[in-house]
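Using the sequences plus the hints, can you model the full thing?
One-letter residues, chain by chain:
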Amino acid sequence: MFGVFLVVSAATGFLLTAMQRQVAVLQATALEAQHEALAEIMNDSIKSAVDFQIYQDAPTSSTNGPLAPGNSFGDWLVCVSQSGTAVFHFDGAQIVYQQTANGGTVQKRVFSGVSRASSTPAQSGNSGSNTVPIFEVSNLGIVQAQWDVNTTVDQVPFNVFGVPLQMQ
Amino acid sequence: MTWICQTRINRRSRHRRALPCRGCGTSRFDRNCRRFRRLRSAFSLVEVLVSLFILTLSAVGITAAWRLADYQELLTRVDRRAERILREYYELQTFAPADSRPFTANASPSPSASPITGYLYRPRLITSQGSSGQFGNLIPFSISMTNATAPGTNQLVLTYTIPSYGTQASRQVTKTVVLNP
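For the protein sequence lines, the chains are A and B, in the order given.
All the letters of the first sequence, read from the start, carry residue numbers 1 to 168 under the working numbering.
All the letters of the second sequence, read from the start, carry residue numbers 1 to 181 under the working numbering.
Since the hints were made in silico from the structure, they are not lab data.
Since the structure is predicted, the reported quantities are computational estimates derived from the model, not experimental observations.
Here a beta-carbon is modelled for each residue, glycine too, at the ideal position from N, C-alpha and C.
Watch out, some of these pointers could steer you wrong.
[As the list claims (entries may be wrong)] Quick partial rundown of chain B residues pointing at chain A, CB under 7 Å, derived from the structure:
{"hint": "1", "residue": "Ser51"}
{"hint": "2", "residue": "Tyr90"}
{"hint": "3", "residue": "Leu92"}
{"hint": "4", "residue": "Ala98"}
{"hint": "5", "residue": "Arg122"}
{"hint": "6", "residue": "Arg124"}
{"hint": "7", "residue": "Pro140"}
{"hint": "8", "residue": "Tyr165"}
[What the hints assert, rightly or not] So the derived label-pair ranges between C-beta atoms look like this:
{"hint": "9", "chain 1": "B", "residue 1": "Arg67", "chain 2": "A", "residue 2": "Asp57", "range": "44 to 52 Å"}
{"hint": "10", "chain 1": "A", "residue 1": "Gln98", "chain 2": "B", "residue 2": "Thr56", "range": "29 to 37 Å"}
{"hint": "11", "chain 1": "B", "residue 1": "Val157", "chain 2": "A", "residue 2": "Lys108", "range": "33 to 41 Å"}
{"hint": "12", "chain 1": "A", "residue 1": "Phe73", "chain 2": "B", "residue 2": "Leu57", "range": "53 to 61 Å"}
[Stated by the list, open to error] Straight-line distance between alpha carbons at most 25 Å, and here's what the computed SDA-like set of lysine to any residue pairs gives:
{"hint": "13", "chain 1": "A", "residue 1": "Lys47", "chain 2": "B", "residue 2": "Phe95"}
{"hint": "14", "chain 1": "B", "residue 1": "Lys175", "chain 2": "A", "residue 2": "Asp148"}
{"hint": "15", "chain 1": "B", "residue 1": "Lys175", "chain 2": "A", "residue 2": "Asn159"}
{"hint": "16", "chain 1": "B", "residue 1": "Lys175", "chain 2": "A", "residue 2": "Ala37"}
{"hint": "17", "chain 1": "B", "residue 1": "Lys175", "chain 2": "B", "residue 2": "Leu68"}
{"hint": "18", "chain 1": "B", "residue 1": "Lys175", "chain 2": "A", "residue 2": "Ala33"}
{"hint": "19", "chain 1": "A", "residue 1": "Lys47", "chain 2": "B", "residue 2": "Leu68"}
{"hint": "20", "chain 1": "A", "residue 1": "Lys47", "chain 2": "B", "residue 2": "Val178"}
{"hint": "21", "chain 1": "B", "residue 1": "Lys175", "chain 2": "A", "residue 2": "Gly104"}
{"hint": "22", "chain 1": "A", "residue 1": "Lys108", "chain 2": "A", "residue 2": "Tyr97"}
See the structure below:
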């Protein structure tokens with residue numbers, strides 16, 4: 001009887017461990033794929049923007065006029081294109097993307113598992129620290145977004161370099 | 001050697017069979033006897049050992065297949081990350097103003113100085129799962145630009161080394177993209 005119990009327990013434990021590990025890997029892959037999609041959206045939004053600004057605090061909602069002057073770095077990125085306005089916001093743990101079409105349709109997506117980048121690329125010149133802003137614009141106008149995604153398995157750094165339309 | 005009368009044996013067997021079971025009252029060798037059925041339905045030690053052996057073999061096999069699947073998945077993820085990083089730097093090198101490009105083209109065919117380096121895989125360390133989270137640095141990569149002699153044939157080259165697995169030695173992977181003039 002003990003032998004049967006041992007065999008069944010070992011098989012069940014092995015199966016549960018395998019399932020748990022597989023779920024963790026699938027979650028990590030899915031989260032990375034979501035953030036890849038976010039990076040694509042961000043890149044497209046920056047490249048097609050006719051006007052953009054970075055803010056440290058929530059921007060005031062503007063009507064059809066130009067965007068209010070912003071900062072050189074911050075956690076808010078607003079891109080205005082011909083199809084509408086895209087707002088990216090880092091709130092401490094996730095990046096919220098809100099797309100407002102010209103017709104007024106609002107699309108909102110939340111990308112979780114985000115932390116500030118712990119290291120920066122060589123050319124940015126910033127020292128690695130936890131206060132690295134998510135969005136940054138260089139003196140020459142190149143918009144850079146950088147963040148880390150902490151999955152259940154590993155940490156995935158994301159860097160988006162966007163050259164706005166008027167600079168290309 | 002002792003000869004035993006077959007008749008006596010048959011008589012003894014008949015006698016024993018006739019004895020009732022102390023548990024349920026039926027004959028001891030009756031198929032309806034609960035004790036008899038329990039004895040027949042239990043696993044023997046050999047059966048348990050064989051099943052343990054089979055379980056161990058299958059566990060080893062599944063673990064090996066599992067490790068191989070993990071390794072292949074890691075290669076796939078690392079490959080995608082390498083492509084993504086190469087695409088980002090390609091766009092930056094192509095569309096950014098000349099002053100803010102990561103690499104400068106020169107006339108010599110050698111790779112440009114100071115390649116950009118980083119890590120493609122930063123696994124979560126087991127010892128710090130309960131804490132704020134520490135990550136290791138594995139699979140380093142470097143991006144450099146090779147300056148070709150012919151105009152418009154400069155290349156961005158991303159190189160990384162994938163770890164060894166079993167009998168497979170670690171090998172270097174190179175991804176290139178030709179820059180637009």
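Here is what the structure says about each hint:
At about 5 Å, the closest approach between the beta carbon of B:Ser51 and any beta carbon in chain A falls short of 7 Å, and the interface hint on this residue holds. Here the hint on B:Tyr90 is broken, as its CB sits about 10 Å from the closest CB of chain A, past 7 Å. The restraint placing B:Leu92 at the interface with chain A holds, with a minimum CB-CB distance near 4 Å, inside the 7 Å limit. For B:Ala98, the shortest C-beta to C-beta distance to chain A is roughly 10 Å, which exceeds 7 Å, and the interface hint is violated.
Interface restraint check: B:Arg122 against chain A, minimum CB-CB distance 4 Å, threshold 7 Å, status holds. For B:Arg124, the interface hint holds, the least distance from its beta-carbon to any beta-carbon of chain A being 6 Å, beneath 7 Å. Residue-level restraint check for B:Pro140 is violated (minimum Cβ-Cβ distance to chain A is 13 Å; threshold 7 Å). With 7 Å as the threshold, the beta carbon of B:Tyr165 stays out of range of chain A, its nearest partner Cβ sitting at about 17 Å, so the hint is violated.
Range check, B:Arg67 to A:Asp57: Cβ separation about 49 Å, and the 44 to 52 Å hint holds. About 55 Å separates the C-beta atoms of A:Gln98 and B:Thr56, a value inconsistent with the hinted range of 29 to 37 Å. As the Cβ distance of B:Val157 to A:Lys108 is approximately 40 Å, the hint placing it in 33 to 41 Å holds. Here the CB-CB span from A:Phe73 to B:Leu57 is close to 58 Å, well matched to the stated 53 to 61 Å.
This hinted pair checks out: A:Lys47 and B:Phe95 have alpha carbons roughly 10 Å apart, not beyond 25 Å. Pair hint B:Lys175 plus A:Asp148 holds up; C-alpha atoms about 24 Å apart against a cutoff of 25 Å. For the given pair, B:Lys175 sits about 19 Å from A:Asn159 by alpha-carbon distance, which is consistent with the 25 Å threshold. Pair hint B:Lys175 plus A:Ala37 holds up; C-alpha atoms about 22 Å apart against a cutoff of 25 Å.
Restraint check for B:Lys175 and B:Leu68: the C-alpha separation of about 24 Å stays at or below 25 Å, so the hint holds. Proposed proximity of B:Lys175 and A:Ala33 is supported: the alpha carbons are some 21 Å apart, at most 25 Å. Our distance criterion of 25 Å between C-alpha atoms is broken by A:Lys47 and B:Leu68, whose separation comes to about 40 Å. For the suggested pair A:Lys47 and B:Val178, the alpha carbons sit about 21 Å apart, so the restraint of at most 25 Å is met.
Restraint check: the Cα-Cα separation between B:Lys175 and A:Gly104 comes to about 43 Å, which exceeds 25 Å; the hinted pair is violated. Between A:Lys108 and A:Tyr97 the alpha-carbon distance is near 6 Å, which keeps this suggested pair within the 25 Å criterion.
In this structure, the hints that do not hold are numbers 2, 4, 7, 8, 10, 19, 21, in rising order.
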